[in-house]
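J.: Here are the chains, one letter per residue:
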Amino acid sequence: MAQWQKLRSHLSAIPVLAYLLGFGIASAIELFIGYPVASLLGLPTMPTLFGIILVQQSLALLPSAIAYDLLIYLVPTYIAARLLTPLVQKLLQKVPSQRLMLVYVLALFLVALLWGGFHEYRTMILCLMGINFILCISLNLVNGYMGEFSVGHAGFMGVGAYIASILTVWVFPRSLGHLVFPLALLAGGAGAAIAGLLVAIPSFKIRGDYLAIITLATNFIIKNGIENIERIGGSRGFMGMAKLTNVPWVFFWSVLTLVLIRNFVLSPYGRGVIAIREDEIAAEAMTVNTRRMKIIAFCTSSFFAGIAGGLFAHLLLYINPSSFTLLKSTECLVMVYLGGMASISGSLVGAATFTILLEMLRPLEVWKWVLIPLLLLVMLLRRHTGLMGFREFQFLIPREEAEVYGSTSH
Amino acid sequence: MALLHINGLTHYFGGLRAVYDFNLALEEGELIGLIGPNGAGKTTVFNLITGIYRPTKGTIQFNGQNLVGLQPHQITAKGICRTFQTIRLFNNVSVLDNVRIAFYSQVRSNLLDAFFRTPHLVSEDKALTREAYRLLEIFNLERYAQELAMNLPYGEQKRVEIARALATKPRLLLLDEPAAGMNPGEIDRLMDLIQRIRQEFGLTIFLIEHQMRLVMRICRYIKVMDFGETIAEGTPEEIRTNPRVLQAYLGEEVE
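Chains A and B are the protein sequences, given in the same order.
Going by my numbering, the first sequence opens with residue 1, and the numbers climb by one from there.
Going by my numbering, the second sequence opens with residue 1, and the numbers climb by one from there.
Be a bit skeptical, because a hint or two may be false.
Computed spacing ranges between beta-carbons, pair by pair [what the hints assert, rightly or not]:
id : chain 1 : residue 1 : chain 2 : residue 2 : range
1  : B       : 247       : A       : 206       : 50 to 58 angstroms
2  : A       : 403       : B       : 54        : 40 to 48 angstroms
3  : B       : 220       : A       : 381       : 54 to 62 angstroms
For the record, the hints were derived by calculation from the structure and aren't laboratory data.
Treat the numbers as computed from the prediction; the structure is a model and nothing was measured.
No residue lacks a Cβ here, since even glycine has one placed at the ideal position from N, Cα and C.
Next comes chain A alone, as it looks inside the complex (with noise of 0.2 angstroms):
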């Protein structure tokens, strides 16, 4: 037990950033050795997912896919950090804090890069979950920071596929391919916002299970009108897309995501918010305009959905109306809950944790929708805010707040 205790304060003395360098370092060389040592490991092809998906085809892999995961990974993680430390240490008492948050990102993308984007699958994952991370903290604003209980974000998500894809296909001259995308994809989120305003304005006389049902209803009035307007395709669905989504156009969307939101809920109009989720009635005897800061919440909430809709719709180059039904709201409102409410750094891991759960699980075809539920069901009870609830990482923090709180927010 000492022992344990022993490597335990070992590890968490070498900074996060330092890890993160570390595991960059070692994605590059895996680059060049990883086949070479996937083959001597008897394995029948890298694995593209620290091993866990070779490990479900045959079990009989195991010591090889840990080998495999020992040697490319966590040893070199573990030196690289090691020797960077010191060097860590030193930029971090450097860079003014105001500026860490920017140190962090651009590690995160380098990293990304350095990780998935030589690979077509890895690519793939990192830009769903690029997307959700958007769902999930934009949802997070409403259901969250403001405590209603909307179950309807796919449909925001389909309004703003459907605008951006037809706007790329049809209006957009093809050969401006990535010039325009923000264009689409902005429009879409614009889309999506007016979307908003079908959940935004009951919500001024309804509150709690009985506005829940009408973001319910607004998801279904979405995506059967979708599918009854045959211009666009009706149930068939849209394609014709050009692979416009990236890993950088991701990166650079969610991080744009993440900094709006984050500003928004610890500037006073974001405490309005949260005032609205603690008590309407006084958060209005305290001067808050809680009409206004409700229609703000929604349609900031759907615009960004909307974004993501259209980074999908531009990942997957086909769209249909069922993409976007109740099952896609409940996916988002399961990496709100496991990732934590009112927390950017809880839709952060709760997105992250969930892209990479339900690829885990690919080989488990149905059984893992009665997996992820089980995994979810057990970690509520133990944990009922979710992984990261009402708390924050420290470089997410303003400085300003941070003198005020110390590492955690509200």
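Keeping the supplied structure of chain A fixed, place chain B upon it in accordance with the hints.
T.: Same frame as chain A, but now just chain B:
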């Protein structure tokens, strides 16, 4: 010109007459009390003034401006703030943020400033935080600033509620049973506090109270309600001996 001028205020809940023909002319700087048995309609009067309910009949004017039909947040921004009979703090939020939320209408930065966290917003927010701490210090609450409101003892929560109300910069403060659930020692301290903030912030105070000790000691003028009607008003001395008040509180005498 009275600061708060209420004329013929009447309110029905369905067929139930909650408040009937309530009149009040509250001068700047006054401290008056509203008493009456349970269910007399006292809190309804507060809810009508602060816009939670819209009156069936009657007018409410504050500083010469009509209040009927305004949203609660607009009324508070005009300078009328209240506390609640049962504490309504933002429970899962720090004490500091409870106070900072109440600065909402005073924020000059716009939404774009908020989304992009411009230097303007940051400096404004810093100033607001300093002001929130200053308020908490007046109430001796600064050591709880980072604590979640729900973790505070009852009496402290009551004081946070008053501090939070003062953050909206009111001219008129409505206190709904501030002493409810307090022991005599706490009530004495509360009376001192009310007197102190009244002078320090130049407040006009209108309070509902059950604790006669408190009302009789600090209010120079008292209104008594029963079944929605005003049955008596006057100085504490007059109220104490008024037969209708005694009847409402103690029941009718058997002849």
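J.: Now tell me, hint by hint, if it's right for this structure.
T.: We went through each hint and held it up to the structure:
For the hinted restraint 50 to 58 angstroms between residue 247(B) and residue 206(A), the CB-CB distance of approximately 44 angstroms leaves it violated. Here the CB-CB span from residue 403(A) to residue 54(B) is close to 44 angstroms, well matched to the stated 40 to 48 angstroms. At about 58 angstroms, the beta-carbon gap between residue 220(B) and residue 381(A) stays in the expected band of 54 to 62 angstroms.
Of the numbered hints given earlier, the model fails hint 1 alone.
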